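*Asks:* Here's the letter readout for the chains.
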Amino acid sequence: MEDSMTTPQGKKIVLHGRGIVGGKGEGRAIVLKHGLALCGIDGVVAKFGVKGEFQKGFVPPELVGVSVKGKILVFAYGTGSTSAGNCFYRTYRAGYAPAGIINKRLEAITTSGAIVANVPLVVGLDQDPCDLIETGDYVSVDGDKGIVEITKAS
Amino acid sequence: MKEDSSERYKNQSAKVPQQSLGRRSFVKSIAALGAGLAASPLLSETAQAPVQTVPATPPRTRAARSSGMYLTSEETKALNGEYGPLQEWAMKFLTKWGNAFDAERFIEIEGAFGGGPTSELETLNPAAYEEITRDGYKFPIPISTHYPFFGDRQFPLETGCKPVSPEQLKRDARMGIFCTGTCAPYLAGWNPPFGSHVVSLESSCIAYLNSVLGVRTHRETFPSALASCVMGKTPYFGFHTDEGRKGKLLVKVETKLRNSSDYSALGWFVGSRAGIDVPVITGLPGGEISQYEYMSLGAGMSSTGGVGMYLVVGGTPEAATIEEAFGNNKPEETFTFGPDELKKTYEDIMVPGSKEVDCVVLGCPHLGITEMMKVAELVEGKKVKEGVRFWLFAPPGIISQAETMGTADIIRTAGARIVVACFFQISHPVPKVFAVNSGKACFYLRGSFPDAAVWLGNTQKCVEAALTGEWRTV
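Taken in sequence, the protein lines are chains A and E.
Going by our numbering, the first sequence opens with residue 1, and the numbers climb by one from there.
Going by our numbering, the second sequence opens with residue 1001, and the numbers climb by one from there.
Check each hint, because a few of them may be wrong.
Unchecked claim - Straight-line C-alpha distance at most 25 Å; calculated DMTMM-like pairs for lysine to aspartate or glutamate:
id	chain 1	residue 1	chain 2	residue 2
1	A	LYS47	E	GLU1333
2	A	LYS51	E	ASP1451
3	A	LYS145	E	GLU1104
4	A	LYS33	E	GLU1333
5	E	LYS1344	E	GLU1333
6	A	LYS33	E	GLU1120
7	A	LYS56	E	ASP1358
8	A	LYS51	E	ASP1358
9	E	LYS1382	E	ASP1358
Think of the hints as simulated: they come from the structure by calculation, not from any bench.
Note that the structure is predicted; figures quoted are calculated from it, not measured.
All chains should be built: construct the whole structure from the sequences, respecting the hints.
*Replies:* Quick look at the structure:
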């Protein structure tokens, strides 16, 4: 365990958890230490268009305008408006869905959104994903087996 | 009336009218109304499970390829498509969703608030959508709707919110849908009894139902709410269970909260710490908390966090004592909210900038009649400063009441507008400096108006800003 946490660049770390929505996805990670409202992607009423980008007020300033398309979203749990399911479906329909979601804790609305957008979702990993994974790491998510593989960027 | 209608719905026969194809206008407005739609066959179920126990004897079978949920034979038939594509879709989603949370079974729901726009269902499952938009469908349960509200008849352009036609409302009524037109349907005729199981959208409404009314609901969204409305059932987990309603963390309030904006600040503070757990709050003056203070508290928590329920010891009905609030749980974390935290939270909430206010917004969540009366008292005989928009957002039913009472007239004469919509739909022209009395409004204004300054204060301070065009710092 200790070894895997201090892995040098390029080495894979494998975490095990619970697959909630099946399928596989991989991509660069975007990590939020706390909760995320999925409506924070494009906003509740998509005032600035549907582009799959984080909006101001929902994420730390450095992530505003960052695209989630093809990324692995890592956050603690879902928060905020119940419009998140509709909003996430809208983002998915427009072709900007992330490739996978990793949550520390299972939450009803995020789960609902991931199911309709068919985005692999894994929760309850044996290590804290929000601590271990950093934005930019390359991550693969296997929603069928509940396995997450991390290749550290640095 | 509630019993009458729910009985009526439950007694619907298993016949689903098959005539006529989806009507465009009908379909569109349904999408707009944001309600799930009709279809009722399953309701004449023979083996109705008692609420709290799984019967020892069947008829229950494991759901196909699911690891967990027990289904009645009727539920299994629905899942297998024997009652058409709509119920098949709904059951497939709900079993998947329920299994994620280790739900053992379904529980009947007695009503719903919102059901998820069916425009999304059109692309998600065209066959289910076709079925749900056919003539003659009726939901198995009564459904109240909110979004996008009635639309404001006076200011449709400025609110970006087109009114729903009276014809549409009549059509919806025949399907079991009544439009309360608000994010706070409990102010406008939807008040399920304590302990009842419902389906609800709208994060602030969910927190209010679970916490203040003791009504049980998940934090629902699309498509969970729609699927549950179609079935008249929802998976039994989380806030529907006794153990899911117990506290996980403790918040000790050690300062006096003076008004609803202070309560919304406490909500902001708690939400960002509680995440998705149930917070237990001590130090509040239980019986003295007003309805709008509770609304503001929950709305704050469900903006910065994913709080679907909170417990105020000596205040909310499931927390007479701290022991009752926690049940078998021990507080995993303890936070203190004193004068410093209150001050700091206000600083976190506000977006500083110019103090020349050009838009004052009250009513997030929607105002009740007593809040409207308070505003009327403050503005009577005065005039809103030129160039300042002072908008009050409230349910249509409350506005009618205010009109009857003369309250609305006083407010309008002063130059304020009473609007049926949601504040972030304001679009023409884009405001630069907001004054609001709600932490929730501040949270969502940041996303909708990223360049605007936002000031938070009590109702009186907001009214002063509307009358003078200035935000006072002291």
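*Asks:* What are the numbers of the hints the structure violates, in ascending order?
*Replies:* 1, 6 and 8
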